[in-house]
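Protein chains in written order, with numbering that gives the first Met the number 0: chain A, 0 to 668; chain B, 0 to 668.
Since the hints were derived computationally from the structure, they do not count as laboratory data.
Heads up, a few of these hints could be off.
When chains are identical, the list treats them as one kind, so a pair holds in a single copy or across two.
Only pairs whose alpha carbons sit at most 30 Å apart, straight line, appear in this in silico DSBU-like list of lysine-lysine [as the list claims (entries may be wrong)]:
id : residue 1 : residue 2
1  : Lys-327   : Lys-174
2  : Lys-207   : Lys-48
3  : Lys-203   : Lys-174
2 protein chains.
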Amino acid sequence: MIREFHLACVVLLVACPAIASQPVIPVPAHVETRDGVLSIDSSFAVSIKGTCDHRLRVAVDRLTDRIQRETGIPFHGSGDRPPTLVVSCTDTGGTIPTPGDDESYTLDVSAGGALLQAPSSIGAVRGLETFWQLMQPGTSGVGVPALHIADSPRFPWRGLLIDVARHWIPPDVIKRNLDAMSTVKLNVLHFHLSEDQGFRVECKRFPKLHQLGSDGHYFTQDEIREIIRYAAERGIRVIPEFDMPGHTTSWFVGYPELASAPGPYAIERTWGVFDPTMDPTREETYEFLDGFIGEMARLFPDPYFHIGGDEVNGKQWDSSATIAAFKKQHGMSTNRDLQAYFNKRLEMILSRYGKRMIGWDEIFHPDLPTTIVIQSWRGPASLAEIARSGYRGILSNGYYLDHMMPASYHYAIDPRGGEAAALDSIQAQRILGGEACMWAEFVTAENVDSRIWPRAAAVAERLWSPASVRDSSDMYRRLDILSPRLEWVGVRERPNRTLMLERLTGYRDISPLQRMQEVLEPVKFYVRSHTGKYTSWTPLNRLVDATLPESREARRFGEAVDSLLADRGTVSVRRRIRERLIRWSAVDVQPLVAQSALLHEIDSLAVVFNGLAKTGLEALTAMEQKTVVTPEQRAGWLRILGAADRPYAELLITIAGPVRRLAEAALLR
Amino acid sequence: MIREFHLACVVLLVACPAIASQPVIPVPAHVETRDGVLSIDSSFAVSIKGTCDHRLRVAVDRLTDRIQRETGIPFHGSGDRPPTLVVSCTDTGGTIPTPGDDESYTLDVSAGGALLQAPSSIGAVRGLETFWQLMQPGTSGVGVPALHIADSPRFPWRGLLIDVARHWIPPDVIKRNLDAMSTVKLNVLHFHLSEDQGFRVECKRFPKLHQLGSDGHYFTQDEIREIIRYAAERGIRVIPEFDMPGHTTSWFVGYPELASAPGPYAIERTWGVFDPTMDPTREETYEFLDGFIGEMARLFPDPYFHIGGDEVNGKQWDSSATIAAFKKQHGMSTNRDLQAYFNKRLEMILSRYGKRMIGWDEIFHPDLPTTIVIQSWRGPASLAEIARSGYRGILSNGYYLDHMMPASYHYAIDPRGGEAAALDSIQAQRILGGEACMWAEFVTAENVDSRIWPRAAAVAERLWSPASVRDSSDMYRRLDILSPRLEWVGVRERPNRTLMLERLTGYRDISPLQRMQEVLEPVKFYVRSHTGKYTSWTPLNRLVDATLPESREARRFGEAVDSLLADRGTVSVRRRIRERLIRWSAVDVQPLVAQSALLHEIDSLAVVFNGLAKTGLEALTAMEQKTVVTPEQRAGWLRILGAADRPYAELLITIAGPVRRLAEAALLR
């Protein structure tokens, strides 16, 4: 024990990116710990030296407001205290963040004070978030450990895509997600604004787009401007995506003449890839798009404009005689060529308005200039090919938050990994970063926070921190520290979940349901889509919708079981496993199920869940007391483990794996 | 038991305002229960008949959205179902609600369907809230009991004052409070917009008002318009208050020439009544106010305009030679006369802009026309005199939510009670209603919801329901049903409290702290103000700020103890008392206290709290086992009870009373 303690101290003194005990997400590029602690007490004050712009001033206000509420230190009216934290900027940087912004900073903390230096106010914003995350409450108040940090991002493009088209996500939810993005140093909000199921921006030139294509749920241009302003204050770019030429049914409700087949069209209510596609052969299409893009280019200041370009199934094109004739006339053999023609025309329009094109894998075509950026949903092979061909790209494959995968899954995926690992350094530089994607078939404003956070923080770290930072258990340790703070910044994960559970139970005591829920997870990938049961009208108000994508309890329980089975289990590990299994086997949700029609569907789930916990307990007891497992017992175990192999009410019982391992160990002994 | 059950059924069938089992707050004027239940299932649909305006349409949308999320019933895309709930309006009512609006409605529910009829869309909005509150989840889904309701408010003026001047409360917090107000049928948002400590509205004509008087925290005129629109959709009037001629320090920062003594002035940071007062003798003051009121009269559409008028201490007037000369010249003997002169001038300006004056007790003066309305903070005697003199008034005395009194305290106060009970019927009609007041010395955007709700619902019921509805234990029963729903409507009481506690503990497990906190209450009335420790800069982030004004646990525990001591205690009551006392005596917050500087102040509190619980347990045991209390035990009990007589960290341990009663009973036996 004493040896371990000394070892820990030695590790702490070594300069390395992943200091084991530091709490910051993403891990800074370079950290050197020092002796001492800077105490954040009533003498604490912040001052700005050098250049100061609005962004920096409000960022300092945000920090002092947080510190004030965390510590009770009043920052006003206390005279001219000498500053404890000095923030020094050399340059202001633009009002609107741009792709080339310098986000670097250095932070020096000693017992006597702290100095944050950055070339731009955006770097200073990043450093202030680091400072806040470093603040740790302790016995004698709050302190920041003495250290030296020299930090800058590995990738310049670190985004979060929010699909506001498939389900409507209103401005206040976007804003609180921008606050959380800022906390983990994400710098691009990719706004997926149009889809078959909805067109979500006010368009003054073609008002039937939002009037007929949105069910009344769209951002006014004032709201867009406010979101852009809010994001810019946090050093976050806002990139609009208008998906074309497919995924455009909602456009055609008001403007059927844009489509490749005659209308009328209605807003799509189901999920999938649909036929309606713009007609790339008519000049009127480009006249419309010129007017539309001109208006949107003025609204969105970012140099990039996302045109989607994915999943064109070609059916409308194939069944149109005029389109077939057009292809023949222009010597195009495939729909891919036709789409490339469309994209080239789009690119010319975008250029005219000073915008660079970004789109999904499908837009990759040698006819397009290398100024475009390609966002890869297809994955490393596609991205590597893009980079080898002289194009720049970002990765989203593996970062789909709607797949409900654990943070560690996303964390393991590197934009320069897989096939991209073989790229030379110039090619590798063309991979600009990545974006976590929150597709919205199965999220609403009510539960979207719980689907994005905290998992997006793992992607944020992958994109900011050095490639060598890969220890997922340390990532989880820091994620556990970050999670309550994210909520405090504005993420409404837990409060909304509580309200959803109360609603499900008819406002009864939800604690039994919570004790079961803590080890449940929604089904993964596209399992829910493939049921075919869902439309955009289906209320997402079931237990699956109120259950976190990743169970922390299950992860910890699994780790404890693995440690036990590897003969590393201490007494406290054994005790913890037993205590958890007793807790779960004692959960009784049946009274709640009986009283709520919405919970009837979890009847069998609860039975299997209790059975699993009891099986685990029996197996643990058999192992510990070295008793023989009777054939009847064995049959019972296998029955319950078999039953736990499938989802119930679209929920997985995540302790099934560890319990199976316990049972197998007991049987094999 | 069977007899009691029959009795309950009989009671249920009697038509009376307070049906014991109905959950609605405020209790409708007239309820008749019928046989049967209307099932809210997948066949449920709403349709609007007769006149329909925007207000009604969005109110129906709000209801269907809530039902959709509560039940999972999709309301769209399900064909043309026959309507289950028909809403029928005879007239639309104005876009902006006005004081004379008819808010009545009738609601008839049978197993086959429901009919809501109202003369105006505002009445329909009220009825829809009743319908929602009647929806109760059950074994086979959600249902509404068959009944007939004929409902209308007792008072036309049912307000909530929110002081956004002493602490800044941003637009989104105002909006969620409007949602909660709508739920309990409050119909006036009284916006206290200016104070010594802040001027909170953008003023285009005199921009230094908000630029220099607000620390940057003010509503833009667009935000005000949005709040008015949001309120109007919910049938809620918005009345601005600009407090004059006192409480005006923040005005003078930019416009010192308005004051009765030369400047310069700075925004006031402490609490109390201050000297700076407008100069009522200069014509330039009225020219300024004419321009100012002209602008604000256009911004706020309500016919009433609140001019404050309270707490003019007269010091600046008394020390000004020119003001003394003016008084002499105009034959004014008192400052009250001078203020009446000021008010008369103000009233003329208001009239010119089509506004009627409302102000606090101090504006009451025979020189003013009887078209004014007087808001009484002084109380029943003042209000009765106002009404006898031919003026109209509303009550706020007794409804001050910042006093941290229990809901039952406010509930017992009737605007036509006290001295007003002696008024004749014409005089009594002049009492238009009342307003709950959320003064903001000790609230922030973070905890204001917890100070307003659910207690404001008790005031709402007092102002809406028949005077005969006075059973406070039934009010509490319904408040307990309403509270989670209020949160669901948007009130952020519990989530913000949880975050505040986590912050206090440094994100540790807060459950021990919560178990103690459940029987704590902040000190009452002006105890915190009188410490003199507070300024507007003091962070309100302590345990007292995160503790609810009224402890439900303490109320229930007190009731249980009283029932026990009155020899009505059943076995389950005894068991509950013991179980609670064991729970509280076992609470150990010391590890949290030791680790958090912000919790050091509750060290003694925790000791006394544990000691009280142990005293209660010993007393209970002595009573039950009929043992003799030793002198040492007795001395220990008295010591702890003595220590519990005062607040710790501005918190009261509310179980002190019931424990004292237990101990006395054990000692007297």
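Consistency of the hints with the structure:
1. Lys-327 / Lys-174: neither (49 Å within a copy, 59 Å between copies)
2. Lys-207 / Lys-48: Answer is between: at 28 Å across copies they meet the 30 Å cutoff, but 50 Å inside does not.
3. Lys-203 / Lys-174: Classified as both; 24 Å inside a copy, 28 Å across copies.
When held up to the earlier numbered hints, the structure conflicts with hint 1 and nothing else.
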